[in-house]
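Undergrad: All letters in the sequence shown, in the order written, are residues -23 to -1, 1 to 116 by mature numbering (1 follows the signal peptide of the UniProt record, and there is no 0).
Be aware that one or more of the hints could be misleading.
[Unchecked claim] Derived Cβ-Cβ restraints for the label pairs, each shown as a range:
id : residue 1 : residue 2 : range
1  : S85       : S45       : 31 to 37 Å
2  : V86       : N113      : 55 to 61 Å
3  : T101      : T69       : 43 to 49 Å
4  : T55       : S18       : 50 to 56 Å
5  : S18       : T43       : 33 to 39 Å
Derived from the structure by calculation, the hints contain no laboratory data.
Each residue gets a CB set at the ideal place from its N, CA and C atoms; glycine is no exception.
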Amino acid sequence: MKNVFKFNVIALSLALTSGAAFAQEASVNANASVAAQQSVSANAENDQDDASLDTMNSVQSEVDGTVSSAIDVTQGVTGSVSATVNDTVDSTVSGAIETASEAAVTDSVNGTINDTINSSVESTVDATVRNTIRGNIGN
C-alpha cells in the first residue's frame, strides 16, 4: 500500500507540476495575446493618426492655395483700381489745367480786344468831336 500511496503522490505531484506548467504556458500565451492586441491597437492608432495628419496637411494645403489665389486676385484688382484712379486723376488735372489756361488766354485776348476797341472808339470820338468843334468855330 505504501507503494501505491507513493505512486499516487508522484502522480499527483506530476499532475500538479504539469498543471502549473500548463497554467504558466497559458498565462504566457495570454500575455503574448494581450501584447499582440496592444501592438495591433497601437498600429491602428498610428495608422489613424497618420491618416488624420495626411487629411490635415491636405486641408492646410488647400487653404494655403485658396488664400494665395485670393491674395493674387486682390493684388490684381488693387493694381487695376490704382491704375484707373491714377489715369482719372491725371486726366482730370490735365483737363482742369487746359481749361484754366484757355480761360486765361481768352480773358487776355478779350481784354486786349476790348482795350483796342475802346481806345479806337475814344480816338474816333475825340477826333470827330474836335473836328465838329473846329468846324463849328470856323463857320
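Undergrad: So the hint says 31 to 37 Å: do the beta-carbon atoms of S85 and S45 match that?
TA: violated, 59 Å
Undergrad: Looking only at beta-carbon atoms, does the pair T55, S18 fall within the given range of 50 to 56 Å?
TA: Cβ of T55 to Cβ of S18: about 54 Å, so the range 50 to 56 Å holds.
Undergrad: Taking 43 to 49 Å as the hint, is the beta-carbon distance of T101 and T69 inside that range?
TA: holds, 47 Å
Undergrad: With respect to the beta-carbon atoms only, verify the hint that S18 and T43 lie 33 to 39 Å apart.
TA: holds, 37 Å
Undergrad: That 55 to 61 Å hint for V86 and N113 (C-beta), does it hold up?
TA: violated, 40 Å
When the structure is compared with the earlier hints, violations turn up for hints 1, 2 and for no others.
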